[in-house]
Amino acid sequence: MSNYITLHLKIWRQENAQAQGRFEDYTLDEVNQDMSFLEMLDVLNEKLIKEGKTPVEFDYDCREGICGSCSLVVNGRAHGPKRLTPVCELYMRNFKDGEHVTIEPWRAAAFPVIKDLVVDRSALDRIIEAGGYVSVKTGSATEANSIPVDKEKSDQAFDFATCIGCGACVAACPNSSASLFTGAKIAHLSLLPQGEPERKRRAVRMVEQMEKEGFGDCSNHAECEAVCPVGISITAIAKMRKEYMHAVFSD
Amino acid sequence: MNLESHEPSGPLKEKWTKHRNDISLVAPNNKRKYKVIVVGTGLAGASAAASLAEMGYNVQSFCIQDSARRAHSIAAQGGINAAKNYPNDGDTVWRLFYDTIKGGDYRSRESNVYRLAEIANEIIDQAVAQGVPFAREYGGLLANRSFGGAQVSRTFYARGQTGQQLLLGAYQAFMRQVDEGKIEYFPRHEMLDLVVHDGKARGIITRDLVSGEINRYKGDAVLLATGGYGNSFYLSTNAKNSNVTAAWRCHKRGAFFANPCYVQIHPTCIPVSGDYQSKLTLMSESLRNDGRVWVPKKKGDDRHPNDIPEDERDYYLERKYPSFGNLVPRDVASRNAKLVTDDGRGVGETGKAVYLDFRDAIERDGKETIEAKYGNLFEMYQNITNDDPYKQPMRIFPAVHYTMGGLWVDYNLMSNLPGLFVLGEANFSDHGANRLGASALMQGLADGYFVIPYTLGNYLADAELPDVDLKDDVFDEAADNAQQHIDKLLNVKGDKTVIEFHRELGKIMWDKVGIARNEEGLKQAMKEIEELRDEFWERVRVPGDATNYNKYLEFAGRVADFLELAELMARDALDRDESAGCHLRTEHETEEGEALRNDEDYSYVSAWEFKGIEEELEHELHKENLEFEFVELKQRSYK
Chain A
1 MSNYITLHLK IWRQENAQAQ GRFEDYTLDE VNQDMSFLEM LDVLNEKLIK EGKTPVEFDY
61 DCREGICGSC SLVVNGRAHG PKRLTPVCEL YMRNFKDGEH VTIEPWRAAA FPVIKDLVVD
121 RSALDRIIEA GGYVSVKTGS ATEANSIPVD KEKSDQAFDF ATCIGCGACV AACPNSSASL
181 FTGAKIAHLS LLPQGEPERK RRAVRMVEQM EKEGFGDCSN HAECEAVCPV GISITAIAKM
241 RKEYMHAVFS D
Chain B
1001 MNLESHEPSG PLKEKWTKHR NDISLVAPNN KRKYKVIVVG TGLAGASAAA SLAEMGYNVQ
1061 SFCIQDSARR AHSIAAQGGI NAAKNYPNDG DTVWRLFYDT IKGGDYRSRE SNVYRLAEIA
1121 NEIIDQAVAQ GVPFAREYGG LLANRSFGGA QVSRTFYARG QTGQQLLLGA YQAFMRQVDE
1181 GKIEYFPRHE MLDLVVHDGK ARGIITRDLV SGEINRYKGD AVLLATGGYG NSFYLSTNAK
1241 NSNVTAAWRC HKRGAFFANP CYVQIHPTCI PVSGDYQSKL TLMSESLRND GRVWVPKKKG
1301 DDRHPNDIPE DERDYYLERK YPSFGNLVPR DVASRNAKLV TDDGRGVGET GKAVYLDFRD
1361 AIERDGKETI EAKYGNLFEM YQNITNDDPY KQPMRIFPAV HYTMGGLWVD YNLMSNLPGL
1421 FVLGEANFSD HGANRLGASA LMQGLADGYF VIPYTLGNYL ADAELPDVDL KDDVFDEAAD
1481 NAQQHIDKLL NVKGDKTVIE FHRELGKIMW DKVGIARNEE GLKQAMKEIE ELRDEFWERV
1541 RVPGDATNYN KYLEFAGRVA DFLELAELMA RDALDRDESA GCHLRTEHET EEGEALRNDE
1601 DYSYVSAWEF KGIEEELEHE LHKENLEFEF VELKQRSYK
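Protein sequence lines correspond, in order, to chains A and B.
Number 9 in this note's numbering belongs to position 9 of the first sequence; there are no gaps in the numbering.
Number 1475 in this note's numbering belongs to position 475 of the second sequence; there are no gaps in the numbering.
I should point out that these hints are in silico values taken from the structure, not numbers from a laboratory.
Among the clues, some could well be false.
Said to hold, decoys possible - Restricting the straight-line Cα-Cα distance to at most 25 Å, the calculated cross-link-like pairs of lysine-lysine (BS3-like) are:
| # | chain 1 | residue 1 | chain 2 | residue 2 |
| --- | --- | --- | --- | --- |
| 1 | A | K212 | A | K200 |
| 2 | B | K1182 | A | K212 |
| 3 | A | K137 | B | K1033 |
| 4 | B | K1084 | A | K153 |
| 5 | A | K137 | B | K1031 |
| 6 | B | K1488 | A | K47 |
| 7 | A | K47 | B | K1496 |
| 8 | B | K1488 | A | K50 |
| 9 | A | K137 | B | K1084 |
| 10 | A | K82 | B | K1391 |
| 11 | A | K53 | B | K1493 |
| 12 | B | K1018 | A | K137 |
| 13 | A | K47 | B | K1493 |
| 14 | B | K1488 | A | K53 |
| 15 | B | K1182 | B | K1035 |
| 16 | B | K1367 | A | K151 |
What the hints assert, rightly or not - Anything over 10 Å on all C-beta distances counts as not near chain B; from chain A, calculated:
| # | residue |
| --- | --- |
| 17 | R13 |
| 18 | D29 |
| 19 | G216 |
Backbone N, C-alpha and C fix where the C-beta goes; we use that ideal spot for every residue, glycine too.
Using the sequences and the hints given, assemble the complete structure.
Have a look at this one:
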């Protein structure tokens, strides 16, 4: 049976990238604990619209943890209190009656705020653009089973490939580094024979693009791994460094 | 109007080869003279944009998400079919074709479906070459599993995230072309109108979702890969932003909408729990490989499922369909879930659920094996419902998942409007009245990687395409039209929210245009939708303004379009006075409650032409008769 709680929300409001942002307080009664966190915000917005106020903007799409759109810092933690859970899959049963909840956008120089809790993450696209692919034109592939791949390696590659590109790693990092995101793609492709021919070029171009976008360096805090909703291991970053060093120093 | 499918003649197995031999080509150095607009970046859109750019065309690509990688294909869980026959279980291209056309209850084109089955193998090759990490055996080769509607194992998968991995493969190929300068990329842009010049699609009008600006783009062809319209039901497994707007606005410009009543209701979703609910979550069909579906034999049995003894359980799918058992096609499984819950044997708080039980599979294979196969799905279920599916059965119920209908296209994927091509879920072409599991990924990628690269060239090579100017009257008119629609939405200043209207529409659709339909209900639905639409334009309240990021304004435009499309869906369901696949008219059932087709009168594709909108929607029905040269039409049986 459903339980209802009251929440005191403190939400970041910001008109656009240029405007000065501020926190605003809202109290929401009768929050059903079977609701998801985003449904709770839907309810708040319905209330604000009815009162003639401006609703809170936040990004979302699939609401089942795979598209990577949702991007909220809840009580200081990217995606909120539950490990391995993006905020769209966070349920209100993880909160207590009368709790104060602070909601902020991803904060990083490379992610300018668009409005309220919505940020511009196109820098992540540009990192992939720099080399996060295998250059294989449509039609030129060989028969699928002509490339056997060691199952263990394939499974490892998969673990890195599950990155949903949400950017929580950047939001959690004290340096706003995108190393976990970048490392995950480099690790995925470098573990597979298909990724072999472009290994060096890929590592160099992606790492350099990451720097160009204004993301910081990694200093091994591992905050990224702690908030990653799909559990990408920080070994991705070790792998990225190794690939980069190998590319730069070997010939 | 004569609907020409432009299918090539000759034996089924040679049609596609013959077509490729016969169609016109654009020479490599001429491709760079053409600009192609691609709307949508899911499997179909991203694969088309990447492939066309690789060939040398200049591509402009638009999506509503903040990144191409977030298109809703990302959420597909189960897998992708191909008749590689790696398991050596007798699969062939013919069988894949036959299962797909039979699964669609013989309401699709033979030639299209055969081509799809033929191309499927190449898709697997392409994806593997891109580094898509499909499941593998210890020997390092690819693994397969079985899916509904087939008696062979032909589904390739990447855990429960096959859509994600395939989309990332296509997205990465796409981003490579962005880097090459061959794709100009516009995320957070929504297409609001199609520009038709001299009878041909020559451009689009978009809204920049960040700045609110209305922009104009011109091209030599427009490719629509904008997905399906399942969100007309409000609650569905679709992503929240999935919508029909781009397709509907093309429809209002003259593109025919085909088979709008064919909506797939997926049998294995997490049941609805409350009014606040914003979407439904799918539990992959792959679970039916090991899970057993049942309800109590006794009505209103409210014991805990684990306390109900074996002989008091009704494994109704296994009982009724011994040869396919729990792996019957989706429409059959959904309909049976409705039958048992209507019979008062549903379970859970609302009584609108059935059990999907893994007890026997865990006993047989061990918890570890089941966890390796379905771990992420079990976790997702537990997170949402707070119940542990390792210890008690899941509760599941059907939910709207996919729409087989869409804009009408010919064999070349071109709509009746020259220059407007429609790919993936947005078109109607390959799934008939019911789509089999693991066929959507196959179709989206077939269209994008391996069909449109040939058929687009054929059009461009032969079409006369004089230069158009963004200042031409047709662009002015379309841009004004888009702007006026937005102003109108903002100026109602009523007292009811967009979500309230959407939820009400969803209820009408689910109750009267859902799993089972009848004449009376459909007529009533059309009337109620009209009334709701009138009320929308009198009472809707859209907050904010049009000059910056405004999610509720986006939604308002989409719901306004759903309020029109929904009426056409009901009308199409009313016109189709037979049952076929997912479209069950209660007037036409076999004694066992299966869909009873009427091939004599309804073996056609309904293609609706928009004729205006006053009180009600005006449409004219055109029919494309389906000819079956190679398969024999039978009553589907999965017994």
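Status of the hints after comparison with the structure:
| no. | hint | result |
| --- | --- | --- |
| 1 | A:K212 / A:K200 | holds (18 Å) |
| 2 | B:K1182 / A:K212 | holds (22 Å) |
| 3 | A:K137 / B:K1033 | holds (20 Å) |
| 4 | B:K1084 / A:K153 | holds (23 Å) |
| 5 | A:K137 / B:K1031 | holds (16 Å) |
| 6 | B:K1488 / A:K47 | holds (23 Å) |
| 7 | A:K47 / B:K1496 | holds (11 Å) |
| 8 | B:K1488 / A:K50 | holds (19 Å) |
| 9 | A:K137 / B:K1084 | holds (21 Å) |
| 10 | A:K82 / B:K1391 | holds (22 Å) |
| 11 | A:K53 / B:K1493 | holds (13 Å) |
| 12 | B:K1018 / A:K137 | holds (24 Å) |
| 13 | A:K47 / B:K1493 | holds (16 Å) |
| 14 | B:K1488 / A:K53 | holds (20 Å) |
| 15 | B:K1182 / B:K1035 | holds (10 Å) |
| 16 | B:K1367 / A:K151 | holds (21 Å) |
| 17 | R13 | holds (13 Å) |
| 18 | D29 | holds (13 Å) |
| 19 | G216 | holds (21 Å) |
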